Amino acid sequence: MYKIIEKRELAPGIKLIKVLAPEIAKKAKAGQFVILRVDKTGERIPLTLADWDQKEGTITLVFLEVGVSTKKLGRLNKDDVILNLLGPLGNPTEVKDYGSVCVVGGGVGIAAAYPIARALKEAGNKIVSIIGARSANLLIFEDEMKEYSDEIYISTDDGTKGYKGFVSDLLKDLLVKGYKFDMVYAVGPALMMRAVADVTRPYKIKTIVSLNPIMVDGMGMCGACRVIVGGKTRFTCVDGPEFDAHEVDFTELVRRQRAFIEEEKKALEIFERGELL
Amino acid sequence: MSKRDRFKSVPMPKQPPHERIRNFNEVALGYTEEQALMEAERCLQCAEPQCVKGCPVEIDIPAFIKLLREGKFREAIMKIKEKNSLPAVCGRVCPQEDQCQKDCVLGKKGDPVQIGRLERFLADWEREHGVELPEKKPYTGKRVAVIGSGPAGLTLAGDLAKLGHEVVVFEALHEPGGVLMYGIPEFRLPKSIVQAEIEYIKKLGITIKTDTLIGRLYTIPELLNEEGFDAVFIGTGAGPPIFMGIPGENLSGIYSANEFLIRVNLMRSYLFPKWDTPIKVGDKVAVIGAGNVAMDAARCSLRLGAKEVHIVYRRSRAEMPARKEEIENAEEEGVLFDILTLPVAYYGDEKGWVRKIECIKMQLSEPDETGRRRPVPIPGSNFMMDIDTVIVAIGRRPNPLIQQTTPGLKVNEDGTIVVDENMRTSIEGVYAGGDIVTGEATVISAMGAGRKAAKSIHEYLMKRKK
Ligand SMILES: Cc1cc2nc3c(=O)[nH]c(=O)nc-3n(C[C@H](O)[C@H](O)[C@H](O)COP(=O)(O)OP(=O)(O)OC[C@H]3O[C@@H](n4cnc5c(N)ncnc54)[C@H](O)[C@@H]3O)c2cc1C
Ligand SMILES: Cc1cc2nc3c(=O)[nH]c(=O)nc-3n(C[C@H](O)[C@H](O)[C@H](O)COP(=O)(O)OP(=O)(O)OC[C@H]3O[C@@H](n4cnc5c(N)ncnc54)[C@H](O)[C@@H]3O)c2cc1C
Ligand code: SF4
Ligand code: SF4
Ligand code: FES
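Residue numbers (my numbering), protein chains in the order written: chain A, 1 to 277; chain B, 1001 to 1466.
Same shape as in the complex, but just chain A:
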């Protein structure tokens, strides 16, 4: 059982929780994730480590409420407990001095991009970050990202803050203006990561994305998280979650993410009617 010691709503539908998990906090590295199960009947869901504190023995998770599991999690408050928590999972980000790195975060993915930006900054890189959301009120982790960015750019789909458009458009603008990056790092919705990959491809900039397929065990046993990378089937939970964006078959990733969409919708309706509690 893992106790929640802090809870905040960062934006409508986006919540942050700090959970007491000293063993995980001690081992956590940028780019890794956990799998948790809220309660006895719960599903195992993956969430990226948005932060951790060894001294305090806590990890921080930021999540968007999209379905039953994330809504159940969102209903928990300070001092409530999460039944199961497994981690850290996945390969850590390869942190070294690349030179100049552009870190792109979309939506709730900004929180997942944050530890990566921090680690890369601490390793000596120049960090240019681009963060974006649908609308100004949904933009999270701006201050956190600023702290580790040499330059920061903001976009919103509706233009309520910063550049009007997608993060990938903003990235393209910078490249057109002559920005040179040794590496681009993108975390966010699959379609956003694909757009970023499409932007950097002609410039031949090495681009890394952190993939988010459906997972079950998270330890390489089920194959639910399989994705095609460079024509080969890879398991995201153990071979990833980070892959070369130019090699990823995003069409398939998006398709597989939607495999249970009808069931999820049905479950959510029942849940919202209060019949599952």
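Treat the hints as calculated values from the structure; they're not laboratory data. Just so it is clear, the structure is predicted and the values come from calculations on it, not from any experiment. Positions of the beta carbon are idealized from the N, C-alpha and C atoms, including for glycine. Some clues are possibly wrong.
Unchecked claim - Pairwise CB distance ranges, derived in the manner of DEER restraints:
{"id": "1", "chain 1": "A", "residue 1": "198", "chain 2": "B", "residue 2": "1331", "range": "19 to 25 angstroms"}
{"id": "2", "chain 1": "A", "residue 1": "79", "chain 2": "B", "residue 2": "1102", "range": "56 to 62 angstroms"}
{"id": "3", "chain 1": "B", "residue 1": "1426", "chain 2": "A", "residue 2": "202", "range": "45 to 51 angstroms"}
{"id": "4", "chain 1": "B", "residue 1": "1426", "chain 2": "A", "residue 2": "97", "range": "33 to 39 angstroms"}
{"id": "5", "chain 1": "A", "residue 1": "91", "chain 2": "B", "residue 2": "1345", "range": "31 to 37 angstroms"}
{"id": "6", "chain 1": "A", "residue 1": "96", "chain 2": "B", "residue 2": "1334", "range": "55 to 61 angstroms"}
{"id": "7", "chain 1": "A", "residue 1": "270", "chain 2": "B", "residue 2": "1108", "range": "57 to 63 angstroms"}
{"id": "8", "chain 1": "A", "residue 1": "83", "chain 2": "B", "residue 2": "1132", "range": "28 to 34 angstroms"}
{"id": "9", "chain 1": "B", "residue 1": "1132", "chain 2": "A", "residue 2": "29", "range": "56 to 62 angstroms"}
{"id": "10", "chain 1": "A", "residue 1": "97", "chain 2": "B", "residue 2": "1228", "range": "53 to 59 angstroms"}
{"id": "11", "chain 1": "B", "residue 1": "1410", "chain 2": "A", "residue 2": "198", "range": "42 to 48 angstroms"}
{"id": "12", "chain 1": "A", "residue 1": "83", "chain 2": "B", "residue 2": "1307", "range": "32 to 38 angstroms"}
{"id": "13", "chain 1": "B", "residue 1": "1426", "chain 2": "A", "residue 2": "94", "range": "24 to 30 angstroms"}
With chain A's structure known, arrange chain B with the ligands on it following the hints.
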């Protein structure tokens, strides 16, 4: 009794097929006391019992049957437990026909003694009448870390605890039991029985830490050097599913058997939406492969509402690796067998959901030098099958994480861990056993390995100074 035909075994009651395909309750119902006594009566109490040789852990079968016959059920189960700490499990899932019952003398002229059913009866009797704990040796001050809580790890943990060592079992999943919990379905091995067997082992004084993935949270060198363990046992079992690598295999609706069974068993998705993990099974299901895992997946599909379930297998009936009893059960329940058939491609609809399989017919070649008849494709025999769910059950590789994160650990080409005859790995103080050493095998062989490693670790610990 004298009127009974000595060569005919007492049948075990089962749920009728038309009823059982609508529920996840256990199919085989077990002997009543009367039936158990009747079956036990058939044993000839051989002076040189062949049955014992067939049992991988060499249970003294005639002795326990004799005690059973005398109505001494408590003594009988204790006799079994001298060698086997999971009798309720083994009585249900051991491939008895290839092991203890294979060479039973009665089998020469008729049915062998139904040893597994008797073992099951005694284990179930004990669970109902209260379990007695064996004596424990005084605490030795030695600490052993066990990685994986499958039958290998659990058996070893129980044995070492009885010998007075402190044992901590690390399990990555949220429930202990390994394949017994996440793989073998409820209707063949009820989870409450696995849990009861685990409770028994826990009572011997072991700690089970779930949600702990060794290799990520702690590595083996860390367990030995920082966490204060004197020895480590690796019982991580089989993991990554093998796919065929044919076109369309990543379409939605194509599961590995592992994913399918983990969803159904560990995550209880047959209770969706009361339990949160979804599963989707269409009307027509194809299960690729014909082992125990394939039969389990096929029979789960029926229970989840599939109208037509096919086992698609590239060899012939005689080569099917599943237990005979499970093939028969599947057949009774209406599973169809497409033998000598090999999938070559999958095709999906506009949403990326699988809709068709292209298969090719196979024939068995002349026996090669090894005497095996290989299946070879018949050119031009391709055909299409309409299908909306596929479950690939063609095997699994050993779990690789420990091998990748333990410098100096010797590993075979197929990913299994190298051990000597005492289950020692290439690293001092580190032992391994079960599927991670043998590749996919059986519950009882994993237990046997755990038992052997326990003995070896005990000797090592007692010789060691510190
Ligand atoms: C390695 C990894 C790290 C992740 N990190 C975060 C994170 O830090 N914060 C966060 O909010 N989310 C993260 N996700 C996504 C998160 O796991 C899913 O949103 C969650 O499992 C949805 O569960 P649910 O029951 O609430 O919704 P469901 O009812 O399962 O799904 C609702 C909707 O979300 C989509 N969906 C389901 N699973 C996923 C998935 N794995 N990825 C994307 N969409 C999905 C479905 O298609 C559906 O439209 C991560 C996923 C992975 C694989
Ligand atoms: C569907 C199915 C049906 C079967 N039917 C039968 C049958 O009828 N009869 C029979 O005899 N055999 C059957 N088998 C085979 C049998 O279950 C296995 O041979 C046996 O369980 C192997 O035991 P084990 O202890 O080696 O490993 P497992 O039972 O596989 O347990 C290994 C455990 O280790 C955990 N683990 C792995 N890596 C780590 C790590 N890094 N850190 C922490 N924990 C870890 C896993 O989560 C798992 O719980 C079946 C197998 C399957 C899949
Ligand atoms: S453990 Fe298995 S092989 Fe041994 S006697 Fe029991 S059923 Fe037979
Ligand atoms: S071989 Fe058969 S008849 Fe003989 S002791 Fe064993 S079970 Fe009994
Ligand atoms: S989530 Fe099961 S293999 Fe990756």
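C-beta pair residue 270 of chain A, residue 1108 of chain B: status relative to the range 57 to 63 angstroms that was hinted: Since the Cβ atoms of residue 270 of chain A and residue 1108 of chain B sit about 59 angstroms apart, the hinted range of 57 to 63 angstroms holds.
Pairwise beta carbon distance, residue 91 of chain A to residue 1345 of chain B, judged against the given window 31 to 37 angstroms: holds (32 angstroms)
Beta-carbon spacing of residue 198 of chain A to residue 1331 of chain B - inside the hinted bounds 19 to 25 angstroms or not: violated (52 angstroms)
Residue 29 of chain A and residue 1132 of chain B - C-beta distance against the hinted 56 to 62 angstroms: violated (48 angstroms)
Outcome for the supplied range 56 to 62 angstroms, where the beta carbon pair is residue 79 of chain A and residue 1102 of chain B: At roughly 59 angstroms between Cβ atoms, residue 1102 of chain B and residue 79 of chain A fall inside 56 to 62 angstroms, so the hint holds.
Outcome of range test on Cβ distance (residue 83 of chain A, residue 1132 of chain B; 28 to 34 angstroms): For residue 83 of chain A and residue 1132 of chain B the Cβ distance comes to about 33 angstroms; the hint holds.
Status of the given 42 to 48 angstroms range, CB of residue 198 of chain A versus CB of residue 1410 of chain B: holds (45 angstroms)
Residue 1426 of chain B versus residue 94 of chain A beta-carbon gap, inside 24 to 30 angstroms or not: holds (29 angstroms)
Consistency of beta-carbon spacing, residue 1307 of chain B to residue 83 of chain A, with hint 32 to 38 angstroms: Holds, since residue 83 of chain A and residue 1307 of chain B (Cβ atoms, about 36 angstroms apart) stay within the stated range.
Residue 1228 of chain B and residue 97 of chain A - C-beta distance against the hinted 53 to 59 angstroms: violated (37 angstroms)
Residue 202 of chain A and residue 1426 of chain B - C-beta distance against the hinted 45 to 51 angstroms: holds (49 angstroms)
Beta-carbon spacing of residue 1426 of chain B to residue 97 of chain A - inside the hinted bounds 33 to 39 angstroms or not: holds (36 angstroms)
Hints 1, 9 and 10, counting from the list given before, are not met by this structure.
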